[in-house]
Structure formats: structure tokens, C-alpha cells
Amino acid sequence: MWDAFGFEFVNFYFIPGLVLGCIYALGAIGITLTFGILRFANFAHGEIMMSGAYLTWTVMAIAGAAGLTLHPLVAMVPAAALVIILFLGTDRFFYKPFRKADTIKVVMASFGMMLIIRSAVQAIWGPNQITFVPGIARPNATLQSITGDMGMMILMPNKHIWIFAGTLVLVVALGYLLGRTRIGKAMRAVSDSPDLAHVTGINVDMVIRATWIVGGICATAAGVFLVMDTQMLETTMGFRMLLPMFAAAILGGIGKPYGAVFGGLVIGLAEELSAYPWIGDAPLLSPGYKTGVAFAIMVIMLIVRPQGLFKGRSF
Amino acid sequence: MTTPVLALKNLKAGYGQTEILHDLSLHVMPNEIVAIIGPNGAGKSTAMKSVLGLLNIREGAVELNGEAITDTPAQKVIERGISYVPQTNNVFVNLSVQENLEMGAWTRPKGVEQRLDEMFDLFPDLSEKRAQAAGALSGGQRQMVAMAKALMVDAKILLLDEPTAGLSPKYRSEIFSTIQKIKNTGVPILIVEQNAKQALGVSDRGYVLVDGANRHEGTGAGLAADPEIARMFLGGGH
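First to last, the sequence lines map onto chains A and B. Taking our numbering, the leading residue of the first sequence gets 5, the next gets one more, and so forth. Taking our numbering, the leading residue of the second sequence gets 2, the next gets one more, and so forth.
Incorrect hints may have been included.
25 Å max Cα-Cα, derived BS3-like pairs, lysine-lysine [what the hints assert, rightly or not]:
1) B/Lys182 / B/Lys111
2) B/Lys184 / B/Lys198
3) B/Lys77 / A/Lys100
4) B/Lys77 / B/Lys13
5) B/Lys182 / B/Lys157
6) B/Lys171 / B/Lys182
7) A/Lys104 / B/Lys77
8) A/Lys315 / B/Lys130
9) A/Lys163 / A/Lys294
Computed Cβ-Cβ distance ranges for the label pairs, DEER-style [claimed, not checked]:
10) A/Leu288 / B/Gly167: 50 to 58 Å
11) B/Met2 / A/Asp209: 37 to 45 Å
12) A/Asn162 / B/Arg81: 52 to 60 Å
13) B/Gln115 / A/Gln133: 58 to 66 Å
Don't read these hints as lab results, they were simulated from the structure. Yeah, the Cβ is synthetic: ideal placement off N, Cα and C, and Gly gets one too.
Using the sequences plus the hints, can you model the full thing?
See the structure below:
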């Protein structure tokens, strides 16, 4: 059975689906938190991912010039710090004046911010794709031989192991933050009811800053993981991720971070598995239609169950 | 003469251009329960919100222990010891009972553990539900959570906006007896109520608000016995 289709299914569809799902999940966390706490759909969220990734590879290039080889996961730390500073500044000078404005105005403002960030990145790093390390990443030999001895050979390059591990660490850390810490509980409280949080005396501005920080870290990680996976930097990568990330956030329920993680994994898997030859030998859906799968899931959810699987807010 | 804990002096206030309070004066002395009663739309809840800086005060003053706090933002008002329980939407439904209480202590993070214990003593029903989501509780229990949450700070005064609205008679009585217990811990209470009779029953003094201004004031028992007020709010001669 494993030889007949398991090998192909797991290694060429399921694992890539999970990898993509992890990336969507991390991006969707920020979207759902911003939606829940700041109450607007942040169209610039994909650009946070993208600029975080560019900054990470810039840190690596600078370190490389100094004779130091940094793993992207290490270079990501200072890059995420830069992204956070950048976005706290953006919030202070760009979004804060909109705080009491209609939601649609803030959404439009975030659309503008998306264009500003992308143009800035294009101005600094150039509009062309930056590709590196061409060729096929070799699967992890240890994992291959251990699972091979068990009769279920799994081919997984190291970068995918890093992506899974990184996502797991971030999701566990997020769970700890939201469930155990004062600021995390306050984030849930503001997401629950901003008015009540206000008359409870919770420092809502502090909660908003925490939201940008958490969203910024997860988005930078998502961007870096995406680049690790695709081996290229592209200024439109954030925008391409936006639709599936929103689909993931809506699927999980707006304002529900765990929902976003679950939604991300589902969307990632659905996109990859839609190309599996379920019937006959041809892919069920041509891989070119992958993005359509996320879109279809989003539309169906909005019609059938707008509050999402985990009872988030519906508008 | 003792300084009132809370005093509203000749308040004119409203939302935007609309003036709702035309000339409101009231005060709460230490160890008092004071009720504001009056018909719908008289500005009872608005009076409470004016204390929290949630609307525009045109004229007049709000004083806490003799110090002006007029137009102070809510967060600062709460830091200074005024605790407020809104009428609806007064618990974080997705947070557990204990987390709600912890959020209530946001402005006074020290000694939370001890105050949690005190609250679970005061509200024994909540103790066994501390890990449950507040949204899963009944209306009466939610009200208890909301009150406990407000008492997590070292409150100088507690403002309750219609704490028994929509509750069954059993819970109504329980809320009123809890209000007395809270008073006995030394926290004065200002309460806005629709259930005028029961509210006046537990109150030391009361104010009758009509069209955004005081119409009558007196002791709780005195107002409850006043035939004109009885006719207006207490269900006539039944």
C-alpha cells in the first residue's frame, strides 16, 4: 500500500501541504490578531512577511560579507526586531490617527501601506526576483534511512524540518503568551470586547503594541519560511500569500489564533492535495488553480459559516 | 462635614451635540449605598458614564474624595479607585472566570492571588467555576463575575449600572444581598436600577432622576414610602 501510493502521497503532496500550511498559519495568526484587536483587515500584512524576509537575507548577506555564515532562523531574529520597530512606528504615525475612524478607512489605509512598503522594498532591493541555491534540496539522510527501515520512507529536506520545528516553537510560545501571561490575557480581553477592556482600565495602547509585536514576529517567520522553501525573494510574495492567509483566518474564525493555525494547515493541505491524482492519473486540479482552492474555501465559509470553525467574530 | 467619596455637581453632559444631563447633582458618602432611579431615558446610565469620562461634560464637576476628576480618561479614573460594572457586555465571554478577575486587577497588579481568594470567599459560587469561560455562565453568575472583577482593584467606590436587569427574581435577591455584603466590606456603592422598590430597599439614600435632572432625593425608605414616587415607578397602588 505504501509503495502503491503512500510514498508519493506523503512525500510529494502531504508534506509540502503541511509546509505551506505552516507558512499560512503563521501569517494568519497576525491577520486574525489584528482583526480581533485593532478591528481591521490588514492588507499590509503580507508586506510585513515580505519585508521581514528581505531584511533577514540582508542580515545574512552582511554577516556573510564579514565571513560569518548565518542560518536564516538566526538572521531572522534581528530582522524581526527591525520589522517590529518599523511597524510600531507605522502604527504610531500612520494607523493611530485612524483609531476612531470607520473601519473601511483603516482598511483602505492599510491598502495604501501595502503599496508603500512594496514600493520601498522595490526601491531598495530592486524589483526583480532574487534566487539563490539553485537545484534540489537533498532529503535529510537520517530521517530517510530510519523511516526507510520502517518501510515508510519519508523524504524531507532539512529546510522543511526547520520550518516544522520553527512553527511548532512559535505556536507553543503563542499559546503560552495568550494563556498564561498578563499581556496575553489582556490581548484576548481586548479582542473579546474593546469597550469593556477600556472601562476595566486595561492599557489598550499597550495591548495594541503587543499585537504588532506578536504579528510581526509570526509574519517575519512566515516570510522567512516561505523563502527557505521557494529559494527566492520576490517583492510580490507577500501579496500572493494574502488571499490564502485571509482564507485561513476566516476558516478558523476571526480573532481566534488557534483557529488561524488550524485554518492555515487546512488551506495549505487543501491547495497541495487538490493537485493529487485522486481520480485517474491526472491531477484532480491543475496546480495552476491552487490559489483558487483557498479562494473557494473562503467564499464557501463566508456563505455557510461566516463565524468560522471556532466561532470567531462575524461581520 | 465629611467629604463625599463621589460627588457630581450641577452636571451638564451628553454625547456629541445632544445634551442628556441638564442639571444633575448627587453625592455618595463613605459606607453608603445610593440608588439612582427614574424612568427610561432619564439619563441614569449617562450619569454613571459621565464619571468615567466617557462623554462630554459641558458644565459642572465630578469629584472623587473632594478632588476634581472631571473629564479624566477612563483608565485614569479606574486607577484612582472608581470601579464600574456596565449594564450589558460586562464580562469577557471568552476568558475564564479567573482570567476575568485578573483583568479586573489590571491597574493594581500586586497581590492578585490574595484578592482572588477574597473574591472567591465573597462569591462562593464562582470558586468552583473559576476555570470556566464566563460566556458559559448564567446571567446571574455573569453579574457576579462582573462585580467580582470590578472589586479586584482596591475600589474606593463601586458603580453598578442596572445589575439586576433581565435576571430572575431569585438572582435579583441574591444580587441585592451581595450588594449589602460588598457595602459591609467598606466599599460605598452607587447603583442605577429599574427595580426601584428593591433598590431603594437596600439603599441608604436615593435620587429620582427625570429628564436629566434630580427630581427628588431622600432616604431609601423615605422615597419608597413617598406616594408620588410609588405612583411613578413602583407600580402604582397595587
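Each hint tested on the structure:
{"no.": "1", "hint": "B/Lys182 / B/Lys111", "verdict": "24 Å, holds"}
{"no.": "2", "hint": "B/Lys184 / B/Lys198", "verdict": "19 Å, holds"}
{"no.": "3", "hint": "B/Lys77 / A/Lys100", "verdict": "20 Å, holds"}
{"no.": "4", "hint": "B/Lys77 / B/Lys13", "verdict": "21 Å, holds"}
{"no.": "5", "hint": "B/Lys182 / B/Lys157", "verdict": "15 Å, holds"}
{"no.": "6", "hint": "B/Lys171 / B/Lys182", "verdict": "17 Å, holds"}
{"no.": "7", "hint": "A/Lys104 / B/Lys77", "verdict": "20 Å, holds"}
{"no.": "8", "hint": "A/Lys315 / B/Lys130", "verdict": "22 Å, holds"}
{"no.": "9", "hint": "A/Lys163 / A/Lys294", "verdict": "22 Å, holds"}
{"no.": "10", "hint": "A/Leu288 / B/Gly167: 50 to 58 Å", "verdict": "53 Å, holds"}
{"no.": "11", "hint": "B/Met2 / A/Asp209: 37 to 45 Å", "verdict": "40 Å, holds"}
{"no.": "12", "hint": "A/Asn162 / B/Arg81: 52 to 60 Å", "verdict": "57 Å, holds"}
{"no.": "13", "hint": "B/Gln115 / A/Gln133: 58 to 66 Å", "verdict": "60 Å, holds"}
Violated hints for the displayed structure: none, as all numbered hints are satisfied.
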